[in-house]
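J.: Each residue of the sequence shown is one higher than the one before, counting from 1 in the UniProt record's numbering.
Rather than coming from a laboratory, the hints here were simulated on the basis of the structure.
A quick note: this is a predicted structure, and the numbers were derived from the prediction, not measured.
Quick reminder that beta carbons are idealized off the backbone N, C-alpha and C, glycines included.
Check before you lean on any hint, since a few could be wrong.
[Said to hold, decoys possible] So the derived label-pair ranges between C-beta atoms look like this:
1) G270 / F12: 24 to 34 Å
2) H184 / T5: 25 to 35 Å
3) P109 / N9: 36 to 46 Å
4) E342 / K21: 26 to 36 Å
5) E80 / E342: 42 to 52 Å
6) E154 / A53: 38 to 48 Å
7) K21 / H345: 52 to 62 Å
8) N9 / P182: 42 to 52 Å
9) E342 / N9: 44 to 54 Å
10) E223 / F164: 28 to 38 Å
11) S227 / T290: 27 to 37 Å
12) D15 / H345: 46 to 56 Å
13) S81 / N40: 25 to 35 Å
[What the hints assert, rightly or not] Okay, derived cross-link-like pairs now, DSBU-like style, lysine-lysine, Cα gap no bigger than 35 Å in a straight line:
14) K70 / K48
15) K118 / K73
16) K353 / K374
17) K230 / K384
18) K38 / K302
19) K118 / K39
20) K230 / K128
21) K70 / K38
22) K38 / K48
23) K39 / K21
24) K124 / K353
25) K346 / K230
26) K128 / K77
27) K77 / K130
28) K70 / K124
29) K70 / K26
30) K48 / K27
31) K58 / K204
32) K302 / K346
33) K38 / K124
34) K346 / K374
35) K58 / K38
36) K312 / K326
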Amino acid sequence: MSRFTIPRNIYFEEDALDTLKSFEGKKAALIIGGSSLKKNGNLDRIEKLLSEADIETKVFDGFNQEPTVKIVKDGAKAVESFDPDWIIGIGGGSVIDSAKAVWLFHEHPDLSFEDAAKPFTLPKLRTKAKFAGIPTTSGSGAEVSNLSVVTDDETNVKYPLADFELTPDVAIIDPSLVDSLPQHLIANTGMDAFTHTIEAYVAKPRTVFTDALAVGGGEILKEHLLSSYKGNKESRKQVHNAQAMAGMSFANAVLGNVHSLAHKSGPTFGIPHGLANAIYLPYVIEFNRTVVTDRYATFARKIGLEASSDEKLVDELIAYINQLNKDLGIQATLKEYGVSDEDFHKHVDTMAKNAVEDPCTGTNPRETSVEQMKELYEISFHGKVPSHA
Numbered sequence: 001m002s003r004f005t006i007p008r009n010i011y012f013e014e015d016a017l018d019t020l021k022s023f024e025g026k027k028a029a030l031i032i033g034g035s036s037l038k039k040n041g042n043l044d045r046i047e048k049l050l051s052e053a054d055i056e057t058k059v060f061d062g063f064n065q066e067p068t069v070k071i072v073k074d075g076a077k078a079v080e081s082f083d084p085d086w087i088i089g090i091g092g093g094s095v096i097d098s099a100k101a102v103w104l105f106h107e108h109p110d111l112s113f114e115d116a117a118k119p120f121t122l123p124k125l126r127t128k129a130k131f132a133g134i135p136t137t138s139g140s141g142a143e144v145s146n147l148s149v150v151t152d153d154e155t156n157v158k159y160p161l162a163d164f165e166l167t168p169d170v171a172i173i174d175p176s177l178v179d180s181l182p183q184h185l186i187a188n189t190g191m192d193a194f195t196h197t198i199e200a201y202v203a204k205p206r207t208v209f210t211d212a213l214a215v216g217g218g219e220i221l222k223e224h225l226l227s228s229y230k231g232n233k234e235s236r237k238q239v240h241n242a243q244a245m246a247g248m249s250f251a252n253a254v255l256g257n258v259h260s261l262a263h264k265s266g267p268t269f270g271i272p273h274g275l276a277n278a279i280y281l282p283y284v285i286e287f288n289r290t291v292v293t294d295r296y297a298t299f300a301r302k303i304g305l306e307a308s309s310d311e312k313l314v315d316e317l318i319a320y321i322n323q324l325n326k327d328l329g330i331q332a333t334l335k336e337y338g339v340s341d342e343d344f345h346k347h348v349d350t351m352a353k354n355a356v357e358d359p360c361t362g363t364n365p366r367e368t369s370v371e372q373m374k375e376l377y378e379i380s381f382h383g384k385v386p387s388h389a
C-alpha cells in the first residue's frame, strides 16, 4: 500500500495571502528569520490580515540560520508562554523547518531529539496548534513537505525529521513574496527544487502521483528558472509554483544521495543547501544511471531534451544541468566553491559514513556503500567522473 499526503489547503498565485483573513483561532505565533520581512512590509501585511480574522499575533524572530536542536528547543520554550493555536513559519526553507521543529517540541516538550530523528515515528501533533507555511524563497518546498531538517549541535550533522504529522495544515504560496529575491537565492533555491524533481522521480518509493508532480515541476523549472534568475516576474511566479509541486513529490517519494551528500557537507563547509545540491546532482546521476537509465531518460524526454537513445538522453540531462549551473553562477565542484584540500580530506571519511546513514540514502535507487559515498564526495571535489564499480 502506498500513501500520498499533502497540506489540507494550498493557496497560491496572486493575493494568496488574503486567505489569512479567513483563519479561525485566537493566537498565532509568527516564526521568522531576520529583518528583511519587516523592512519590506510583508510582516505588517501578514499581521494586518490576521488581525482582520481577530487573531492576536506575536513575532518570534532570529531564526535566520539553519535550525539546530538548541535553536528549536529554545524557540519552543518561548512559544509555550504565548500558547498559540496557530504556528506560522514565514521565510525560506530553514525558517519553515525551524518553525516545524518548534511546533513539534511545543506540542511534545519532553521528546528527545534522538527519538524525533527516527523517521516516521513521531507522536500525534495538533493537540495544541495547527501549522501554516508561507515561503519567501522558491526552492525548499518546506511549506508542503513532511520534513524538517535540523542540525545536531554536538556533531554538526543534519538530520531530517520525517513524518506525515509534520505536513503543514495550510500552505500559502504568494508570488509577491519572491518579487525581490536576489539572484544568488534564485539560483540556489531553484536548483534545490530542480534536484527535488529529479531525485523524487527516481527514488524507490515513487508512485504515479509523485511522478506527475515531479515531471510537471521539472517542465516548469526548465522553462522558467533561468528567466526567473534574469528578472522575469512571470517566470518567478511559475518557479514559485513549481517548487511546491516538487515539494509535494519528494515529500511522498523521498529523495536520494544528492541530499544525503548535501546534508552532511553543508554544515561542515558552510555551503548553502541548494548550491550543494546543484554541485552534487550531475555526479549522482552518473552514479545512479547504471540502475535507472530508463527513468532518467524518461524524465529528460518529458522536460524537452532530445537524443537518439536512453543512454544519450542521460548524457544530455547531465550536460543540461552542468550548463544550467554555469548560467546560474554555480560552481562545478566543491574545490571551485572554495573548499580547501586540507578541510576536505580532514572531513571526508566522517561525512561519507554519516551520509550513508542519512534517510535519503535508503531511498536512493542504487545501493551505496561508505566507500562509494566517499568516492562521490571525492569526484564532486575534484570534478572527476565516477567509476561504476
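J.: Range first: 46 to 56 Å. Now tell me if the beta carbons of D15 and H345 are that far apart.
T.: holds, 52 Å
J.: Confirm or reject the claim that H184 and T5 have a C-beta distance inside 25 to 35 Å.
T.: holds, 33 Å
J.: Run the distance test for K346 versus K374: straight-line Cα separation, threshold 35 Å.
T.: With a Cα-Cα distance of about 12 Å, the restraint between K346 and K374 holds, given a limit of 35 Å.
J.: Is the Cα-Cα distance between K302 and K346 35 Å or less?
T.: Violated, at about 41 Å.
J.: So if I understand the rule, the pair passes when the alpha-carbon distance is 35 Å or less; does K346 with K230 pass?
T.: Judged against 35 Å, a Cα distance of about 38 Å means the pair is violated.
J.: Is the straight-line distance between the alpha-carbon of K48 and that of K27 35 Å or less?
T.: holds, 13 Å
J.: Starting from K118, check that the Cα of K39 is at most 35 Å away, please.
T.: Status violated; Cα separation ~39 Å.
J.: Keeping to a limit of 35 Å between CA atoms, is the pair of K70 and K26 held or broken?
T.: holds, 28 Å
J.: Does K128 sit within 35 Å of K230, going by the straight-line distance between their CA atoms?
T.: violated, 43 Å
J.: Within a Cα-Cα threshold of 35 Å, do K38 and K48 meet the stated pairing?
T.: holds, 13 Å
J.: Has the given pair, K58 with K38, been kept, meaning a C-alpha gap of at most 35 Å?
T.: Holds, because 13 Å separates the two Cα atoms, which is no more than 35 Å.
J.: Could you see if the CB distance from E223 to F164 stays within 28 to 38 Å?
T.: holds, 31 Å
When held up to the earlier numbered hints, the structure conflicts with 3, 4, 8, 18, 19, 20, 25, 31 and 32 and fits the remainder.
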